[in-house]
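Asks: Protein sequences appear in the order of chains X and B.
Okay, so the first sequence: first residue is 1 according to my numbering, each after it adds one.
Okay, so the second sequence: first residue is 1 according to my numbering, each after it adds one.
In short, the hints are calculated from the structure, not lab data.
From the three backbone atoms N, C-alpha and C, an ideal C-beta is built for every residue, glycine too.
The reader is advised that the hints may include incorrect statements.
Anything over 12 Å on all C-beta distances counts as not near chain X; from chain B, calculated [as the list claims (entries may be wrong)]:
1. P43
2. A58
3. T71
4. R79
5. E234
Incomplete in silico selection of chain B near chain X, CB under 8 Å [what the hints assert, rightly or not]:
6. N2
7. V12
8. L16
9. Q27
10. G30
11. S31
12. Y34
13. P38
14. D178
15. R253
Now for the letters of each chain:
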Amino acid sequence: MTRLLEATLLVGAAAIAAFGVTLVNLATGTGVDAQVGLTFFVFLLAFGAVHVALRTFAPRSVPYLLPPAALLAALSFVEIYRISPFRAGLQRWWLLIAAAGAVLVLAVLHRTGTVLLRRYRFTLFGVTLLLLAAPLIPSDAPGPIRGLEANGSRLWVVADMGFIELHFQPGEVAKLAFVAFLAAYLADRISLTGTRRRLGRWSIPEPRQIFPLVAVWALSSLVLVSQRDLGAATLLFAVVVAMLYAATAERVFLWAGGVLAGGGAVSAYVLFAHVQRRVEAWLDPFADFEGTGYQIAQGVFALGSGSLAGAGPGLGRPDLIPNAITDFIFAAVGEELGFAGTVAVIASYAVVVAVGFGIALRARDRYRKLLAAGLTFAFGFQTFLILAGVLRILPLTGISLPFMSYGGSSLVGNFALVALLARISHEETA
Amino acid sequence: MNGPIRRLALGVLVGLGLVLGSATWFQVLGSDRYRSDPRNARPAISRSVKERGVIVTADGTVLAESVPDETNPRSFARRYPGGEAFAPVVGYTSLLVGDAGLEAAYDDELRSRRDLTISDLIAVLLGRDLRPLSLQLTLDPDLQQTAYEALAGRRGAVVALDPNTGAILALVSSPSFDPETLLGADAVDRRRTLLDDPAQPLLDRATRRLYPPASTFKVVVAAAAFDSGVAGPETEYPDPEAFALPGSAATIRNFTGRTCAEGTTVTVQTAFVRSCNTTFAALAIDVGATQIARTAEAAGFDRDLRFPWQVARSTFPFDVVRDDPAALAQSGIGERDVRATPLTMAMVAAAVANGGETMAPFLVRQVFDADGLEVETTQPTTLGRAMSPATAAVLSGLMELVVTEGTGRRAAVPGLRVAGKTGTAESPDGPPHAWFIGFAPVERPSVAVAVLVESGGDVGESATGGTVAAPIARVLFERSLSARS
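Working from the sequences, and respecting the hints, build out all of it.
Replies: Written as structure tokens, this is what we have:
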């Protein structure tokens, strides 16, 4: 019965996307054209495929993950289409590819379940490192795969397929492999009843057990800081701390994480000019309106202009915001769909996060709990990180907004993430 | 391990709560503040692509219109088919460099009030028309174009009025600019270029720049003299080579450097026709500051005119000349501290033409709605009585003599009775400014003009009102004669 509800909501999300495209067309005077039907069809195909895969490979999984994801993809698609119809066309392809990826994940895990990932944990760790290091391949390297630097950060890989160049951010997928590795590692090595060592008034797990973990974190952060992608570095660090805390229930990890994060933030501020600019733009975007503060100021103007009901799809000017379809897609939605739209977005994220942690709470064993909690935390923290940047709660870190930002890597990664969560929920003891 | 997971969940949800709170601030509580921030270009952009009302002349010639975009019919571009000749009047409304002229003054009327919001829907249901209003001007487009071309790029201004109503038939400032160049993406650079141009093409010389009116001010002094009875056209004045300024070693001389006429005395009429400074210096002292100031004020000096934009205030410096006969004498020939816009001097000519009554000048005949129905029509109003009808009749005769046998002969049009007065204003920084004010036809005036050419136009130091400004007036009179026949 609830699967039927899921299917109904997915059709609703596809209809919202198609209706939004219609409104944009009417506002810009192009009229109802093939884009409307194409959008509806692609949304039905992408989310329908994942829905059918869930019915087939994970029938007992919760039905509440896919509909909010589909709503987020639909609302953002309308804005991407409004700002760049060309990019929207590419985004439709990426939706199909990402859905195919999710179907593949569910199919591969069909027989063995998530245990398969636990078995290959060190392979996953190797994959994580390879993916993270891939953008460091020289841009002029021979061969089909090269690194690429864009907007001051080096986090892209270009795959030259001869007839087409594919741009990919491997970090978006590395995130999943890393969480899967951490879950397996922590489930094996650290137990709540493990040996303890006293440190003042706290008892902490044996340092030997944690040392490899710290090394992992240091290594990952090194790769990411060398790529100057501080958003992803912050995310990975937060994931490590959160999963350590989940595995041990030791608050000392939260405190230590806080201190390390603070120290990291200060040294990043001291070391990197672009971090200093971002902090200045965060504190007062209007001090250098034409320069460093321009993007955040435009985002704030977009949100303020949107007000309660929004300008209406196609009737605002979200194209004034630099990177409106990637980092600032939330502000674009806020401008044209208003507070109503942003509340829908935030509520959808809250639903995914709540359902994800719910899966973690009900999961069968430590490994699955850690995997579900880690994936959900990574998803939720990434969402918070970029939204907090757009909404001036934190300095802006360039990181994609799950299911909303334009870009294939992010969609592929987050579709797979949702597929994994669904699979874990399927594995609950009935 | 469910405890820590619950706390992590709580942490992330609190984070999303913070996000929701911040979104509430930016989009609900503080929304107005960010929407109306002057650096937020959105309101201006949305205005700039909205339809605006048309600006047309009395005969329906379009001076400003909104043309729908080819790809997006909801988006409009502004066009100014009148070009340079009409630019100082029509102005422009530009996203990047602001607005000017009637576009700025009548922005409330010309702008669409449609925002495609819920409140618009309610307004439409209540039967309110949200479409922009349009303007019909008093301008005669042919006369405006003729005057602009007659100035031929020289720095100057032309104002033509209907003396009976005050309706402005032409309001020209030269050099001008193409307003459409200020609409594009390079508007800021274009405006910078115009601002840096020493010829000041953005300056409306017709209403916003003050010049010494020179001998054209003798019309005001003569009117004051005749009205007060201090002198009549036949009153005899001594005719020296130079008029010694009281309490000063300085003198006032005539333009020719010689006496005004051949005898020892000269009549006011002859002095007026030949524009003799010596006679009018003496006459001004006889008439007195109070009487001249009264006449000047009734003709448009020293008062704030109600005009679509802020116009410069023409002045007769009563406080300076009241106790200073020398300054009064200099002011009597339109020099020293007397300053006037071409608009005010056109009003002086129009007052004489209209039997002494000054009409308030107006530019917008009617505001009408999108259905072409009248919203508001300007009624001609009287500004004051500058002189009695008798004085106006006498002065009209003297001014006709100026054109038939005096300094203004080059304004004469065969078959048309033209009245006028020339002026040549000393300029501290260059060649003199050339003036001509006048009206036609004398028996039943239908057009009053003021022509000003700055700094000698293209003839330099030898320029006079009679040689440089009068021929431009003649072109205008010819054009209005051919239009009548």
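Asks: For every hint, state whether the structure bears it out.
Replies: Hint check results:
Distance to chain X contradicts B/P43 as a non-interface residue, since its nearest Cβ pair spans about 8 Å, not more than 12 Å. No Cβ of chain X comes within 12 Å of the Cβ of B/A58; the nearest lies about 35 Å off, and the non-interface call holds. Against chain X, the non-interface label of B/T71 is violated: not every CB pair exceeds 12 Å, the least being about 7 Å. No Cβ of chain X approaches the Cβ of B/R79 within 12 Å, the least distance being about 19 Å, so the stated non-interface status holds.
Non-interface status of B/E234 relative to chain X is upheld: no Cβ of that chain comes within 12 Å, the nearest being about 72 Å off. Checking B/N2 against chain X by beta carbon gives a least distance of about 5 Å; that is within 8 Å, so the hint holds. The closest approach between the C-beta of B/V12 and any C-beta of chain X is roughly 4 Å, which is under the 8 Å cut-off, so the hint is satisfied. At a threshold of 8 Å, the smallest CB-CB gap from B/L16 to chain X is about 5 Å, leaving the interface hint in force.
At about 4 Å, the closest approach between the beta carbon of B/Q27 and any beta carbon in chain X falls short of 8 Å, and the interface hint on this residue holds. A hinted interface residue such as B/G30 counts as satisfied when its beta carbon comes closer than 8 Å to some beta carbon of chain X; here the least separation is about 7 Å, so the hint holds. For B/S31, the interface hint holds, the least distance from its beta-carbon to any beta-carbon of chain X being 4 Å, beneath 8 Å. The interface hint given for B/Y34 is met, as the beta carbon of that residue sits about 3 Å from the closest beta carbon of chain X, less than 8 Å.
About 10 Å separates the beta-carbon of B/P38 from the nearest beta-carbon of chain X, more than 8 Å, and the hint is not met. For B/D178, the shortest C-beta to C-beta distance to chain X is roughly 28 Å, which exceeds 8 Å, and the interface hint is violated. For B/R253, the suggested interface contact is broken, since its CB lies about 60 Å from the closest CB of chain X, more than 8 Å.
Checked against the numbered hints listed earlier, the structure breaks hints 1, 3, 13, 14 and 15; every other hint is satisfied.
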